[in-house]
Amino acid sequence: MIALLLDEVSQWTMIGRMGKMGLTREISVRYLKPVPTGTEIVVEAKIGAQDEKNTVLHSAVRSTGNALLAEGESRWMMVDPSVIAKVSKLSESQLREFLAQYPVVASP
Amino acid sequence: MDKLAFQDESYSRGNCCWVCGNDNPHGLYIKSYWNGDESVCTWKAEEHYTAGWPHVLNGGVISGLIDCHCVLTAFGAYYRDKSTEQRENPSHWFATASLKVDFLKPTPLDKPVQLRARIKDMQEKKVLLTCSLFSDKEECARGEVLAVRVPARKGPGQQN
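In the order they appear, the protein sequences are chains A and B. Going by the working numbering, the letters in the first sequence line up with residues 805 to 912, in that order. Going by the working numbering, the letters in the second sequence line up with residues 8 to 167, in that order.
Looking at chain A on its own, in the form it has when it is part of the complex (with noise of 0.2 Å):
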């Protein structure tokens, strides 16, 4: 469920910030502290390294008071939609329209 959730996040960062999504090519995680059931968690997520048709990912769940309960590293592989669209049931122009809801936001 950790694994999963560095994942999805590590996904959705690379959607909002860089309005691309990837395939997953490779996740790393580490298990720091036991992440309790039943309390918040923070889940968060940084672009690190990257080129044309690669991405790093650098990702994290925390306790709501900043205790670090996991870290994760995950290589991404940067697809068109078009890439996207054969291997599943949507179509291209629903995954370009889909995309264009999150511009491109700068790094800080």
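Please keep in mind that the hints were generated in silico from the structure rather than gathered at the bench. A few of these clues could be false.
Simulated pairs of lysine-lysine, BS3-like, Cα-Cα distance not exceeding 30 Å [said to hold, decoys possible]:
(1) K10(B) with K38(B)
(2) K127(B) with K89(B)
(3) K893(A) with K118(B)
(4) K107(B) with K824(A)
(5) K107(B) with K837(A)
Put chain B on the given structure of chain A with help from the hints.
Showing chain B alone in chain A's frame:
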């Protein structure tokens, strides 16, 4: 192949894990067995365990399957030669210290997946395992898990 899954052994009693525990009412209930030196698990996803598109298994679920199949394999290895008494009253469980997954190709959602894990290195307090996830004999993901031994937590099925 052994008849009793690691998850159904007495040492796993009280396991509430969403992926591998028998005591989570909403769990995925994977079952892992020895097959020689390998541990194997066959599991079929429900239709809604999708990735971003409809017919591909979610990568987070794949990570969970690899993680839990490996950790339960570490349990199985640790308790394999232990006495009935020790299996009934487990002193230790295993927890994931780290997990790495390579996604090699999309995993179809409409077919069962098979997990096959092996112990790469077993020391007193930690076990390193490798695991591959197959669909129709095609390797779709490959992972490595470091499981560490921790004191057994007393679950709902354990009285002591």
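The hints, checked one at a time:
no.	hint	in the structure
1	K10(B) with K38(B)	holds, 11 Å
2	K127(B) with K89(B)	holds, 21 Å
3	K893(A) with K118(B)	holds, 17 Å
4	K107(B) with K824(A)	holds, 24 Å
5	K107(B) with K837(A)	holds, 17 Å
Hint compliance for this structure: every hint is met.
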